[in-house]
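Chain B: place on chain A using the hints.
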Amino acid sequence: MTHVDPGVWTTVADTVAAVCLLAGAFLTLGAGLGLVRFPSLLARMHTVTKPQVLGLILLLTALALRVRSWSAVAMLVLVVAFQLVTSPVAAHMVGRAGFRTGKVDPDDLRPNEFGEPD
Amino acid sequence: MSPQSRRPAYLLRRLGSQWHALLLLTVVWVLLWGDLSWANVIAGAVIAGAVVTMFPLPAIDMRGTVRPWRTVVLAARFVSDLFVASFEVAWKAVRPGPTPHGAIVAVRLRNPEDAYLTITAVMSSLVPGSLVVEARRSTGVVYLHVLDIDASGGAEAVRRDTLALEERVLRAFASDAVLSRCGLAPGRGEDA
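Protein sequence lines, in the order shown, are assigned to chains A and B.
Take the first sequence: its letters are residues 1 to 118, numbered as in my numbering.
Take the second sequence: its letters are residues 1 to 192, numbered as in my numbering.
Bound-form chain A, shown alone (with noise of 0.2 angstroms):
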């Protein structure tokens, strides 16, 4: 087996995939450990928001930068665009509908400026 350089750009793409695929994994252990330990939720809810697509983002960084295919980027690309326009409508439905129900304490919030006078 020959020795193939690998240049120095493919050097730093590996290196900043594996910073990418470091701090994704992180965020997506938040993500979960968030959604085990917080405790209503709303509080839930802001996990699925903010460090899951962080982490997902970031992970799927990693993989463009590892892959190096145009069609593979392009796919990515979709997901996270997707992930970004659903995740904040998917968390605000399901915390509306479960504070619509009753399933909010809303002893838990305060301010809660929710129903007071304009």
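Source of the hints: derived by calculation from the structure; they are not laboratory data.
These numbers were taken from a predicted model, which means no experiment stands behind them.
No residue lacks a Cβ here, since even glycine has one placed at the ideal position from N, Cα and C.
Honestly, I wouldn't trust all of these hints.
Computed beta-carbon distance windows for the label pairs [stated by the list, open to error]: (1) 85/A <-> 97/B: 15 to 25 angstroms; (2) 47/B <-> 89/A: 20 to 30 angstroms; (3) 66/A <-> 114/B: 33 to 43 angstroms; (4) 75/B <-> 100/A: 28 to 38 angstroms; (5) 66/A <-> 136/B: 43 to 53 angstroms; (6) 83/A <-> 136/B: 21 to 31 angstroms; (7) 79/B <-> 89/A: 18 to 28 angstroms; (8) 105/A <-> 13/B: 17 to 27 angstroms; (9) 20/B <-> 71/A: 20 to 30 angstroms.
Relative to the frame of chain A, chain B by itself:
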């Protein structure tokens, strides 16, 4: 569906007025196949046409402009906020100790038009430590759940952050008339 909506002329006009959607759906189709070829583009355009005619949606009422520099400012700030917010929430979930204390804050947006209200609401769900629980179209008030009200600096700080986000959205996409109606002088901004 009314009888006139089946007429070819109406369908053609509908396709013409929704060319944004056609273009977007075609691009999505090509991206899904991951290969730019005539066959994909034509197939995507045909399917986009079928989707737009068979599942018609009302046109979005958004008579704004796109200011390129303001859009860049909005996007750059969004990405940096996304990083900060994500690591904050992840850290709050991972660190030992009590979980944060939440609150609901009502924010009255300057401009209650659907398109801007939606963009601001979606972005505020993603970036600061907030989540939209309810939105009132009639009054333009959004109710945000804040994960950690003490770390966010209280209700007033949340309101200020959300209004600053709305200002960035309006400066990027709204027309000059809307900007001056909302008390934002066109062209200038304090947080550029």
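Results for each hint:
Checked against the hint of 15 to 25 angstroms, the pair residue 85/A and residue 97/B fails, with Cβ atoms roughly 34 angstroms apart. Separated by about 24 angstroms at the C-beta atoms, residue 47/B and residue 89/A satisfy the suggested range of 20 to 30 angstroms. As the Cβ distance of residue 66/A to residue 114/B is approximately 41 angstroms, the hint placing it in 33 to 43 angstroms holds. Between residue 75/B and residue 100/A the beta carbons are some 33 angstroms apart, a value that agrees with the proposed interval 28 to 38 angstroms.
One distance hint, 43 to 53 angstroms for the beta-carbon pair residue 66/A and residue 136/B, holds here, with the actual separation near 46 angstroms. Checked against the hint of 21 to 31 angstroms, the C-beta distance between residue 83/A and residue 136/B comes to roughly 27 angstroms, which is consistent with it. Between residue 79/B and residue 89/A the CB atoms are about 20 angstroms apart, so this pair conforms to the stated range of 18 to 28 angstroms. As the Cβ distance of residue 105/A to residue 13/B is approximately 52 angstroms, the hint placing it in 17 to 27 angstroms is violated.
In this structure the supplied range 20 to 30 angstroms holds for residue 20/B paired with residue 71/A, their Cβ-Cβ distance being about 25 angstroms.
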